[in-house]
Amino acid sequence: MKKLLFAAVTGYFALAGLLVFGLHFHYGVFTKRLLQPIHFPHATHINKVGLACTKCHITVTNSPAASAPPLAVCMECHTKVKTESPEIKILTEHWTKQEPIEWSKIHQLPWHVRFTHKRHIAAGVDCTVCHGEVNTMTQVHQVRSLEMGWCVSCHRENNAPTDCWTCHK
Amino acid sequence: MNRRDFFRILGASTGAAVATACDQKVASKLVSQLTTPRLLPGEAEFVRSTCRECSAGCGVLAKVRDGRPVKLEGDPDNPVNRGALCMRGQAGLSRLYHPNRLRAPQLRGTTGEFQTISWDEAFAILNGALGKNITGRRHIFLSERTTGSVSGFIEDFCQKRNIERRPELELYSHAALRQANALVFGRHPLPVYDVKQADLLITFGADVIETFLNPVQFAQDLAATKLKWIHLEPHLSLTGVNADERLVVRAGSEAWLLAFLAGELGVTAAQAAEQTGLKLSRITELAERLKKAKNPLVIAGGVATATENGLLAAVLSAVLQEKHHAPLTWADDDRVGSLADVVELEQQLADGKVSVAFFHNTDPVTYRPSFGAVLGKASFRVGFGDMLNPTLAGCDLVLPLSHALEEDGAVKPFGDTQSLAGILQKLGAEARPKQAPVIQPPGDVRKFLANIKPTPVRAGRTLVITPSIRTFDGRGECLPLLSEIPDPLTTVTYGPWVTISEQDAETLSLKDGGIVGFAVGGRSFNLPVRVMPAQPVGVFTVQRPFLNGASLPLTVTGEEISVWPLDAIAVPAVPAVALPFLSGGMHAEGRGIVPGLEHKHEHEHKAEHVNKTLYPPHEYKNYRWAMAIDLDRCTGCGACVAACYVENNIPLVGRDEHVAGREMSWLRIEPFVNDAGDFEMLPMMCQQCDNAPCEPVCPVNATYHNPEGLNAQVYNRCVGTRYCSNNCPYKVRRFNWIDHPVAQPLDLMFNPDVSKRPKGVMEKCTFCVHRIVRAKDHAKDEKRLVHDGEVTTACAQTCPAQAIVFGNILDEQSHVHQQEKSERTYRVLEELGVEPAVYYLTSRSES
Numbered sequence: 001m002k003k004l005l006f007a008a009v010t011g012y013f014a015l016a017g018l019l020v021f022g023l024h025f026h027y028g029v030f031t032k033r034l035l036q037p038i039h040f041p042h043a044t045h046i047n048k049v050g051l052a053c054t055k056c057h058i059t060v061t062n063s064p065a066a067s068a069p070p071l072a073v074c075m076e077c078h079t080k081v082k083t084e085s086p087e088i089k090i091l092t093e094h095w096t097k098q099e100p101i102e103w104s105k106i107h108q109l110p111w112h113v114r115f116t117h118k119r120h121i122a123a124g125v126d127c128t129v130c131h132g133e134v135n136t137m138t139q140v141h142q143v144r145s146l147e148m149g150w151c152v153s154c155h156r157e158n159n160a161p162t163d164c165w166t167c168h169k
Numbered sequence: 001m002n003r004r005d006f007f008r009i010l011g012a013s014t015g016a017a018v019a020t021a022c023d024q025k026v027a028s029k030l031v032s033q034l035t036t037p038r039l040l041p042g043e044a045e046f047v048r049s050t051c052r053e054c055s056a057g058c059g060v061l062a063k064v065r066d067g068r069p070v071k072l073e074g075d076p077d078n079p080v081n082r083g084a085l086c087m088r089g090q091a092g093l094s095r096l097y098h099p100n101r102l103r104a105p106q107l108r109g110t111t112g113e114f115q116t117i118s119w120d121e122a123f124a125i126l127n128g129a130l131g132k133n134i135t136g137r138r139h140i141f142l143s144e145r146t147t148g149s150v151s152g153f154i155e156d157f158c159q160k161r162n163i164e165r166r167p168e169l170e171l172y173s174h175a176a177l178r179q180a181n182a183l184v185f186g187r188h189p190l191p192v193y194d195v196k197q198a199d200l201l202i203t204f205g206a207d208v209i210e211t212f213l214n215p216v217q218f219a220q221d222l223a224a225t226k227l228k229w230i231h232l233e234p235h236l237s238l239t240g241v242n243a244d245e246r247l248v249v250r251a252g253s254e255a256w257l258l259a260f261l262a263g264e265l266g267v268t269a270a271q272a273a274e275q276t277g278l279k280l281s282r283i284t285e286l287a288e289r290l291k292k293a294k295n296p297l298v299i300a301g302g303v304a305t306a307t308e309n310g311l312l313a314a315v316l317s318a319v320l321q322e323k324h325h326a327p328l329t330w331a332d333d334d335r336v337g338s339l340a341d342v343v344e345l346e347q348q349l350a351d352g353k354v355s356v357a358f359f360h361n362t363d364p365v366t367y368r369p370s371f372g373a374v375l376g377k378a379s380f381r382v383g384f385g386d387m388l389n390p391t392l393a394g395c396d397l398v399l400p401l402s403h404a405l406e407e408d409g410a411v412k413p414f415g416d417t418q419s420l421a422g423i424l425q426k427l428g429a430e431a432r433p434k435q436a437p438v439i440q441p442p443g444d445v446r447k448f449l450a451n452i453k454p455t456p457v458r459a460g461r462t463l464v465i466t467p468s469i470r471t472f473d474g475r476g477e478c479l480p481l482l483s484e485i486p487d488p489l490t491t492v493t494y495g496p497w498v499t500i501s502e503q504d505a506e507t508l509s510l511k512d513g514g515i516v517g518f519a520v521g522g523r524s525f526n527l528p529v530r531v532m533p534a535q536p537v538g539v540f541t542v543q544r545p546f547l548n549g550a551s552l553p554l555t556v557t558g559e560e561i562s563v564w565p566l567d568a569i570a571v572p573a574v575p576a577v578a579l580p581f582l583s584g585g586m587h588a589e590g591r592g593i594v595p596g597l598e599h600k601h602e603h604e605h606k607a608e609h610v611n612k613t614l615y616p617p618h619e620y621k622n623y624r625w626a627m628a629i630d631l632d633r634c635t636g637c638g639a640c641v642a643a644c645y646v647e648n649n650i651p652l653v654g655r656d657e658h659v660a661g662r663e664m665s666w667l668r669i670e671p672f673v674n675d676a677g678d679f680e681m682l683p684m685m686c687q688q689c690d691n692a693p694c695e696p697v698c699p700v701n702a703t704y705h706n707p708e709g710l711n712a713q714v715y716n717r718c719v720g721t722r723y724c725s726n727n728c729p730y731k732v733r734r735f736n737w738i739d740h741p742v743a744q745p746l747d748l749m750f751n752p753d754v755s756k757r758p759k760g761v762m763e764k765c766t767f768c769v770h771r772i773v774r775a776k777d778h779a780k781d782e783k784r785l786v787h788d789g790e791v792t793t794a795c796a797q798t799c800p801a802q803a804i805v806f807g808n809i810l811d812e813q814s815h816v817h818q819q820e821k822s823e824r825t826y827r828v829l830e831e832l833g834v835e836p837a838v839y840y841l842t843s844r845s846e847s
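Line by line, the protein sequences give chains A and B. If you count the first sequence from 1, position 51 lands on 51 in this note's numbering, and the numbers rise without skipping. If you count the second sequence from 1, position 119 lands on 119 in this note's numbering, and the numbers rise without skipping.
Heads up, a few of these hints could be off.
[What the hints assert, rightly or not] Keeping only pairs whose Cα atoms sit at most 25 Å apart, straight-line, the calculated DSS-like set for lysine-lysine is:
id, chain 1, residue 1, chain 2, residue 2
1, A, 97, B, 29
2, B, 160, B, 426
3, A, 48, A, 80
4, A, 169, B, 783
5, B, 780, A, 169
6, A, 169, B, 731
7, A, 89, B, 29
8, A, 169, B, 279
9, B, 63, A, 169
10, B, 196, B, 323
11, B, 756, A, 105
12, A, 169, B, 756
Treat the hints as calculated values from the structure; they're not laboratory data.
The shape of chain A in the complex, shown without the other chains (with noise of 0.2 Å):
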């Protein structure tokens, strides 16, 4: 009996250290992926059209944010291209409508953290270093853990300051 109830007690624990873990790496395919309004396959605009990433992030070489497209962006082709799929759709009502699009955020930074994409791209860093292949995902998510060991390597092996107040507030 007591064996029995010790298995009991360790498988217990065992899973849910793997629930744990499981929601801690795994949260965002769960979660994030699915919340966007609108399917946006990055994949698509960036392989198949083309597209360079400031092309729609309009402001990420000379702000500290990339920001979300301004919806006349995407009206500038999507009055012509697709206006029949079912997700155009969702983005033309929302231009027609003159109504903002609110996009789930996927890549966020804790609020003591003073961070600009304008220098990062000044000094050269592709996008990709800290957003992943972004052209072979249908639906963006985090894969770098944009914790301060990972941005500190970084600065460290390029030279960059590493002073703390560069990037905290």
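Following the hints, complete the assembly by docking chain B onto the known chain A.
Positioned in the frame of chain A, the structure of chain B alone reads:
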């Protein structure tokens, strides 16, 4: 393992699993705008506006981030304040986000409670009320001081709707000055004194760097000129301690001295000496200096013109100004009356002669409680304002006004508010062209002076009632930041209090916080005392907003008498209260925190006492940020303190925390007094030391020396041991003992460039590092270093006296580098060898 243990472990591990699973970031939103926004993300735009925290009307630029103003700065193009802004102006932004702001029209229902109605209903009710004509009754409109287009709309509205426009109400109307100027110069508006052109300035009672006319402009001009400035006052004021010479005269005696100086009314030097209490030699010397000066300027105002002799003092100062061709220009014409007009209106109300009464941003009930008793006799009462005050609370219909910033499209409005001009337009008013200033022929000064005699001054204890540098006439009382910042001289934060002299404190056996009782204006008050060195004996000073609820008697010009005999003073047998003041002691105890003559030798021989160290000095590559503060310019007005609070999201902690010594200000003004009673005001913030004592004691390296010389503090690394604070000789580190929640929607005022610090974390001045980062980013785009003057801290930016210089001390062309090389330069507690990066320049008179 028994059953209990099993469940215990089961519970704990399940809890841990749930906790870990919850440790996911809350998904925030990334919004796709419709079209390309005007501004890049994180970029600020500046919106022009006018400050109305006092009647000076300084120009402000609101820094707007994502449609929300986060900070006010002085407008450099505005001639009134030329880029600077005082404490009140800095705090004024919180009026926009004030939780008590009215958000929709309110109508008093049958139960007496206010009910929210729509604007259409409000306009219908208004038009209905205005349409009713009752014989023997008139509509009236009472407003605060208005100028320009708003004044034009009110004028047009009043004429079209047959409304009597009452003289506008300002508690500090300077009615005596206006009457004197009409008599001597033929001008009704207030003058603008150009002190830059004068070589001798004598001010009687006018608190020129606190509240008088344009205090920011006075502070700027006085700092920029080398004129001799003599200030005469019955009490102790910040203006007085900043003058080159401060002479204490008996309250109400100013007219006697002015008469002697002007050679009028046959007043002799001996009479003037007897009345003022000054030495005869002092008075003859003053007359001599006035005679010798090429461009002397004599200004009477403030407490000197609000006494029985006030009008005479104002006329005599105007006579002296005319005689010496004083440099005067005139402010815009306005319609400001005096409290005598309010008394007249009160009578009209009491007699049942008022039909619809309009009150715009004004509060006669607070100044005269008897007004509140007759307010109900008007047929219908309409109030315009941003928050309820006692007058608006007594109205039937209250219409919420928008903030001046909301009238520009760049700022998202709060609630359903409208501008006064917009409301009046909907009621049929139209814009009017600006009216030419009224210039009348001057009156007969000779006749006036022939028929007047100054009243002799009464001996004995006196109560002197002054405006407040923090809340002006009380309009700033609703802004929480202004109670959090200390009154500069007394360092009291949360009032009320009465300032008394050390000798009076001894006679009455009172200490700080002891209660003193007196009656004034038909009300009795029991207020705690603050004992101040250099306060004249027998003089009790109280700020006007602390006497709300009293009806003070008026002078002949209709101003409140600000000097009151205190014969019946009582010390009630009640326990003393804990008065929150921040200065531990005003005597430097010979430490030379502000060096006097006795420290001159030490200062000159500091090279002989070089501090030895085993460590190599810090090496800086491009930047070493440093600050220089010129104490000769600094007036201690506290504008920098307010700017720092707003810029850096510093929490407001309230009275109890202050009493416990847990104030959070990153920058404070320390008043120091010497044995002669001379004050020095010392701005004190983190000194960003080279050998900072705070750094090596941090067990987690949360504070460290940054490559540009700053003592950085990393908030999310800090574990709150407070060792750094204990090791700081300047006591500039602040600890978050508790979380300080902010009332909604005041949280929208937070500067997004600066973290909000949680409980258990140490914080302090950062030299506005977020501004440095921004400037460096900009410079890097252009592949150069930051220019001198390209980056400045919030405190230096707002300083009316331009006392603070910030920059890169490695740049030999920089202003801060040149200041550091000045002969007057010293550093506070330099002998400790901590090598601070804040350089102070002593006052010229002391070096």
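Checklist entry - Which numbered hints does this structure break? => result 8
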